[in-house]
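S.K.: Here are the chains, one letter per residue:
There are 2 protein chains.
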Amino acid sequence: MPYFDVASAAPLHPVARQALLAALDEGWADPARLYREGRRARLLLDAARETAAEAVGCRPDELVFTPSGTRAVHAGIAGALAGRRRVGGHVVVSAVEHSSVLHAAEAHTRTGGEVTEVGVSRTGAVERGAFAAALRGDTALAALQSANHEVGTVQPVAEVAEACRAAGVPLLVDAAQSLLWGPVAGDWSLLAASAHKWGGPAGVGLLVVRKGTRFAPPGPADERENGRSPGFENLPAIVAAAASLRAARADAVARAGELRALTERLRERVPLLVPRTEVVGEPERRLPHLLTFSCLYVDGESVLSALDRAGFSVSSGSSCTSSALTPSHVLRAMGVLSEGNVRVSLPLDVRAEDVDRFLEVLPGVVAGVREQLGAPMDEEPPAVPSPAPLVVDTLGKRCPIPVIELAKVFPRVPVGTTVTVLSDDEAAALDIPAWCEMRGQKYVGREGTAYRVRKTGPGA
Amino acid sequence: MPYFDVASAAPLHPVARQALLAALDEGWADPARLYREGRRARLLLDAARETAAEAVGCRPDELVFTPSGTRAVHAGIAGALAGRRRVGGHVVVSAVEHSSVLHAAEAHTRTGGEVTEVGVSRTGAVERGAFAAALRGDTALAALQSANHEVGTVQPVAEVAEACRAAGVPLLVDAAQSLLWGPVAGDWSLLAASAHKWGGPAGVGLLVVRKGTRFAPPGPADERENGRSPGFENLPAIVAAAASLRAARADAVARAGELRALTERLRERVPLLVPRTEVVGEPERRLPHLLTFSCLYVDGESVLSALDRAGFSVSSGSSCTSSALTPSHVLRAMGVLSEGNVRVSLPLDVRAEDVDRFLEVLPGVVAGVREQLGAPMDEEPPAVPSPAPLVVDTLGKRCPIPVIELAKVFPRVPVGTTVTVLSDDEAAALDIPAWCEMRGQKYVGREGTAYRVRKTGPGA
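Quick mapping for you: the protein sequence lines, in order, are chains B and S. Mind the numbering: the first sequence is residues 1 to 460 in the UniProt record's numbering, read in order. Mind the numbering: the second sequence is residues 1 to 460 in the UniProt record's numbering, read in order.
Hint data in this document are derived by calculation from the structure and do not stem from the laboratory. Since the model is a prediction, treat every value here as computed from it, not as a measurement. Glycine is no exception: its CB is placed at the ideal position from the N, C-alpha and C atoms. Any given hint might turn out to be false.
A few chain S residues that don't get close to chain B, going by computed Cβ distances all over 12 Å [unchecked claim]:
| hint | residue |
| --- | --- |
| 1 | 205 |
| 2 | 217 |
| 3 | 278 |
| 4 | 417 |
Only some residues are given here: those of chain S computed to face chain B with a beta carbon under 8 Å [claimed, not checked]:
| hint | residue |
| --- | --- |
| 5 | 34 |
| 6 | 234 |
| 7 | 306 |
| 8 | 308 |
| 9 | 315 |
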C-alpha cells in the first residue's frame, strides 16, 4: 500500500530500527550516573550528538536533543527571545512557516511581543529583499524554514541569513523538511529539526544554537542537554535518530534524481489527466520528493478518503481536512486555490509503478467526487443564456460548494455580467479569486461575505 | 551485574520491549491523519490512553502523554498557575520534591511568583498540618510527591489533598516514584509520572488534569494531546509505556512483600555491618524497594566507584556526586548526614543472593575508603589527652574531610572542651551537626564558616 505522506512522518528507516533495538539494551540507564550502565548511556549519547552534529554541520556542543521538532522550535524561539530581551521584542517570520513557529510567535505576542509576517510569492518563496526590509533595530529574532512542508518550495536561507547577519539579527532555521537532503547552507544562528521526518523515531528533535548566539532558556531547566531541554533523555530514540540521519541521507542523496523525476512526472501529468487542476509551489527550487496540487470542485477530505480506499495515503491543506475548518495558512499566504488540495510526498523507497498507479487512479477519484457534488464540468455554455440569479447565496455552505455554485451559474449569464457570491466560508476568500484566475474571469472584489465576479469570457 | 538504581531509571520491562517493537511497525504515522496508517496510529494512541488512565484511576480525557515526567511536572505547574492567575501567584511545595518541581517553582519566582517550601520530619515526611498551614487565600497551586525519590518516604497525599480541597487549592502530585506500586489515593487535582521509572521506555511522561481543575497552558500549543503537550506524539514509546505500566504493576504487587523484606534486611544489617552509619527515611511508610543510608568519614563518590567496581550500581545524594557540589536538598531538608550517602533501589526481579552479596561487599568498601582517607575509627580515646588544636581549619577542603578532621581531634581533648571547625563546604552545615548527634556530642552552633562543637562525652 503506497504511503505518500513522508512530509508528515516517514516510516522507520531500517538503520533506525536496528540502532533503537541495540540502544534499548545498552542505553536505558541515566547518562548522568557514574556506574557502568550510566557511563554506557553517556557514551551512546555523546556518540549520537557527534553523529548528528556532523550531519548538521555544527559543533557537538552546539546541538541538543529535544523531544520533537516542535519542541526544538519552541525552545529555540523562547531561548533566543529571552537572550535578546534587551534588544527588543520584535520577531520576523515568513508567512509560510510551520505551525510550531507561528504558534511560538503567537505566544510571544500574548506576552507583549510584536511579530511581522513576511509574505511569499505565488509559488511560496520568500524574497530576500522583502525579508531584509522587515528587520528592525528592535528585532530580536528572525525565523525562516529551509523548505516548505506543504508545497516543497526551497527558501533562500543563505541569502536571508546574510541579510540577518548584516542587521545583527539571529536567524532560526526550521530545517525539518530538508535536513534529510543535506545540511542547511548559510550563516544561520539557530536550527531546529525533527527525526521522524527523516525516518528516525518519533520523540526526537534537534536544536542547534551556534556559539556566540545569545540564548537564555526562560522556563524551568535542569542539567540535561546543556540546560536547554529538561527531562530524562530519550536515549534509545536519540541513538536511532542520529544513526538513521546519516544512513537516510546517504539514501536520499542517491535517490534524489529518481524522486525528482517522479515528482516531475506528477507535475506534468496531473494537470493533463485531471482538468481544472493547479499544481502549486516552485517548479525548480523545491524538495525532490514533494508535489502539491489543488483541484477545483472537490473537497480535499473526499479526495483523501477515496485515495485512501484506493490504497494511497496523502495529505491535504484544504479547509475540510483541518479541525479549524480553515484552509492551510501556507496556501492562503501563496494566494492559491485551496479546495481539493493534495500533497504527495514520496518515501525514499517509492516504486515508479506506484506513482504511475496513482496517476491512473487519481482522475477517476476526482471525477467521482465532482460527480457526487454536481460539479459543472461541461465546457460548453448553452447557446442561449438561460435566466440565472445574479446573487448566489451559499451562506452556511462549506468549500467547495460556493465555488461549484458560482461555476454552475456562470455559463448561463452573458459576458459582462457581475455575479455576487455570498459565502461565510473562510476558504472562499482564497478559492473564488483562484477560480477566477483559473477560469479566465475577473475577480472584482469582496465586501464582507459578498464576493463579486465579472464574466469576461466564455469559459467557465 | 546487580543494578540497584531503579529509582533513577528502570531497565525496560519485557512487555514494554514487545509493545514497542509492535508499535514501531504499526504506530509510526501521524495519528492526526485520516488515512489507514494514521487511523491505526490513532487507535493505538487511544488504547494506550485508556490503559494508562485505568492504571492511574482517571478518565482517559483527563490524561495526556508528555515527553518525560519532568515535562509533565513543568506543564502541569505552568498550566495550573496560568489557569489560576486571578487567584494569586503563591505556590506551596514540600521541601523534598523532585528537582523538576523545585525548578518549576524557581522559574515561577523569577516571574514574580512566591513559593513556600513546607519542611519535613527527620524521616522525610510531610506533616498534613504544616502543609495545610502554608495554604493561603492567594495560593494558586500546591505540590506534593506521592513518595520521595531519595529516601522512599511515602507522603500523606490523601490527607494533604483533603486539606487542599478544603482550602480550594488544586494539588499536583508527582507520582513518579509510586505509580508502579499502585494508583495514588486521595482527591488530588493534577498528577505527573514518568514511564522509565516503571520499566517503560524513556521519552514518555503522564500528566493528568482532573475535570474541573482550571488549566491554561501558557506557552505555544498545538492540537495534539488536548492542547497540553505540543509536538508529534512519541507513539511507539507511549504504547510501550502504557502496556508496561499494567504489566509491571502486576509484577510489583506480586513482589512487594519480598522486596520489602530485602530492604528490611538492608535496614537492619547495614548499621550492624558498617559502623558509624545512619539509615535515613521512614521505617514503615515507605516504598518497598528503596533504602538509603549514610556513612560517616567517606565520600559518596568513592563508595559509589568502589561498589561499581564490585558490580553494584547505586546512587548517592552526597555533595561530591552532584555537579553543584552541594548535598541533596532532600537530605538537607531532613537534616540528616549527607556524607557517604548511598541509595539502594531494587529492581522487581532482584535476587536475594545479590542483596546478600551487597551486604558482604559493603563493609569492605566503606572500610577501604575510610582507611584511604585516614578516618578515625578507633573507639578508644588515649589514656592521657594529648595536646590538640581547638581550631580545626578545613577551609577549602570538601566533605568528608571537615568531619574526619573534627573526629580526629575530638578524642584528644578533655570533656567540656569546645572545638571550632572552619569549613566553607556546604555539606559541613549538614554533616557536622549530624556527626554530633551520631557521636553523642553537643553541636553548639555556627557563625559563618565557624562551627562550634562541645565535647560532652567520651565517644568520638
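S.K.: For every hint, state whether the structure bears it out.
M.R.: A quick look at each hint next to the structure:
no.: 1; hint: 205; verdict: 7 Å, violated
no.: 2; hint: 217; verdict: 10 Å, violated
no.: 3; hint: 278; verdict: 23 Å, holds
no.: 4; hint: 417; verdict: 40 Å, holds
no.: 5; hint: 34; verdict: 6 Å, holds
no.: 6; hint: 234; verdict: 3 Å, holds
no.: 7; hint: 306; verdict: 11 Å, violated
no.: 8; hint: 308; verdict: 4 Å, holds
no.: 9; hint: 315; verdict: 6 Å, holds
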